[in-house]
Amino acid sequence: MAILGEIRKRSWLMVGVIALALLAFLVNPDTLDQVFGKNPNILGKVNGDEITRDEYNDQLFMLQQQAQQQGRPTAGLEEQAWQILVQSKLVKQQFDKMGLHMTDDFFWSQLQYDPMFAQNPQYFDEKGNFKLQEVKKEIEGLEASGDVQALQQWQKTRRSIEYRMMARQVFANVSVGVTANKKEAEEMMKQRDQVADIDYVKVDYAEFLKKNPIKVTTEDLANYIKLRPNTFKSQPSRNLGLVYFPAKPSAQDDAKALAELNKLNTQGTDASGGTENFQNTQNDSMFVELNSDLRFNPTFLSKQQLPPV
Numbered sequence: 012m013a014i015l016g017e018i019r020k021r022s023w024l025m026v027g028v029i030a031l032a033l034l035a036f037l038v039n040p041d042t043l044d045q046v047f048g049k050n051p052n053i054l055g056k057v058n059g060d061e062i063t064r065d066e067y068n069d070q071l072f073m074l075q076q077q078a079q080q081q082g083r084p085t086a087g088l089e090e091q092a093w094q095i096l097v098q099s100k101l102v103k104q105q106f107d108k109m110g111l112h113m114t115d116d117f118f119w120s121q122l123q124y125d126p127m128f129a130q131n132p133q134y135f136d137e138k139g140n141f142k143l144q145e146v147k148k149e150i151e152g153l154e155a156s157g158d159v160q161a162l163q164q165w166q167k168t169r170r171s172i173e174y175r176m177m178a179r180q181v182f183a184n185v186s187v188g189v190t191a192n193k194k195e196a197e198e199m200m201k202q203r204d205q206v207a208d209i210d211y212v213k214v215d216y217a218e219f220l221k222k223n224p225i226k227v228t229t230e231d232l233a234n235y236i237k238l239r240p241n242t243f244k245s246q247p248s249r250n251l252g253l254v255y256f257p258a259k260p261s262a263q264d265d266a267k268a269l270a271e272l273n274k275l276n277t278q279g280t281d282a283s284g285g286t287e288n289f290q291n292t293q294n295d296s297m298f299v300e301l302n303s304d305l306r307f308n309p310t311f312l313s314k315q316q317l318p319p320v
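First residue of the sequence shown? That's 12 in the numbering used here, and the numbers climb one at a time after it.
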């Protein structure tokens, strides 16, 4: 009851609280942000570089279009769109910090390496050359047609392509630079730029010997070696003994070979049971093939051409 009494005494305070609650319920939150100094079109900042709502919507729309073209679901791309925008801002900042500039000539020269064009064969001729002029004519046609929506779409696409080009340049410069630190680079520059004057004298020993002939005796060499025993110290050598075995048949070998030849000539072979020999065989060439170490040669050979016995 005491509380109700206090409320009746301060009814204006109760009316004010209810009015503020209704106002907060009815008014757009973006309007409240503007009233309190916050811009609703700025979603975030990357090192002071603002990310606007329009940039985010454009990036999300492009990802959704790519997903539709590739047959993938379009839901859940919001986080990816945000990460791409953050990375793009960081790349742009590093690109500017390196002193690089995105010129129009650089853009058109690098366009063929962008995945959007590099993976599309319709932008290349039969020899693999990029159809740059046709792409430029297509863009000029958009500008001349007055199709504002298509032209705006191209400008958004070009902005994304430029970010990818800048990323390639930044990563390429960083990857090249990590091979040497600052001190090594300073030393390399010093060695490259440092110049020295060197004076030298050449002694031509061949010409000197012609003008001053010197005769060295065996005794001089022996004395020189004696004065420097460690320099001319040799390792212990070995004595080798040789035994000679001439590769020549003995008399017993000759007699055995002659007996074998006479047996084949007159007595007969073991395979025929002694009935066929070189004198009575019906096929002399086959007889030679079967009983000789060398193949039968039908060519006539003179005595001088026969192999030595």
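Honestly, the hints are just simulated from the structure, not real lab data.
As the structure is a prediction and not an experimental result, all values here were calculated from the model.
Ideal Cβ positions, reconstructed from N, Cα and C, are used throughout, including at glycine.
Among the hints, a few may not be true.
Computed beta-carbon distance windows for the label pairs [to be verified]: (1) Met-199 / Gly-139: 18 to 26 Å; (2) Lys-193 / Pro-240: 51 to 59 Å; (3) Ala-268 / Pro-309: 50 to 58 Å; (4) Asn-241 / Glu-218: 28 to 36 Å; (5) Ile-53 / Gln-202: 46 to 54 Å.
Listed next, the in silico DSSO-like pairs over lysine-lysine satisfying Cα-Cα at most 27 Å (straight line) [as the list claims (entries may be wrong)]: (6) Lys-274 / Lys-226; (7) Lys-237 / Lys-226; (8) Lys-213 / Lys-267; (9) Lys-244 / Lys-267; (10) Lys-201 / Lys-108; (11) Lys-193 / Lys-103; (12) Lys-201 / Lys-148; (13) Lys-167 / Lys-142; (14) Lys-167 / Lys-147; (15) Lys-108 / Lys-56; (16) Lys-259 / Lys-274; (17) Lys-147 / Lys-108; (18) Lys-56 / Lys-213; (19) Lys-213 / Lys-226; (20) Lys-147 / Lys-103; (21) Lys-194 / Lys-108; (22) Lys-226 / Lys-244; (23) Lys-108 / Lys-193; (24) Lys-103 / Lys-167; (25) Lys-201 / Lys-259; (26) Lys-167 / Lys-100; (27) Lys-259 / Lys-244; (28) Lys-100 / Lys-56.
Tell me if the straight-line CA distance from Lys-193 to Lys-103 falls inside 27 Å. holds, 24 Å
Hinted pair Lys-108 and Lys-193, Cα distance within 27 Å: With Cα atoms ~18 Å apart, Lys-108 and Lys-193 stay inside 27 Å; holds.
Please verify whether Lys-213 and Lys-267 have alpha carbons no more than 27 Å apart. Answer violated: Lys-213 to Lys-267 is near 77 Å, above 27 Å.
Does Lys-142 sit within 27 Å of Lys-167, going by the straight-line distance between their CA atoms? The hint holds at about 21 Å.
With the threshold set at 27 Å, check whether the alpha-carbon distance from Lys-201 to Lys-259 stays at or below it. violated, 77 Å
Decide if the proposed pair is consistent with the structure: Lys-274 and Lys-226, CA atoms, cutoff 27 Å inclusive. violated, 75 Å
Please work out if Lys-167 and Lys-147 have their alpha carbons no farther apart than 27 Å. holds, 16 Å
Between Lys-147 and Lys-108, is the straight-line Cα distance small enough, at 27 Å or below? violated, 30 Å
Between Met-199 and Gly-139, does the C-beta distance stay in 18 to 26 Å? The hinted range 18 to 26 Å is violated for Met-199 and Gly-139, with Cβ atoms some 38 Å apart.
Check the hint pairing Lys-237 with Lys-226 against an upper bound of 27 Å on the C-alpha distance. With a Cα-Cα distance of about 19 Å, the restraint between Lys-237 and Lys-226 holds, given a limit of 27 Å.
Within a Cα-Cα threshold of 27 Å, do Lys-259 and Lys-274 meet the stated pairing? holds, 23 Å
Compare the distance between the alpha carbons of Lys-56 and Lys-213 with 27 Å, and conclude whether the hinted pair is satisfied. Cα-Cα ~71 Å, so violated.
Going through the hint list in order, the structure does not satisfy hints 1, 3, 6, 8, 9, 12, 17, 18, 25, 27.
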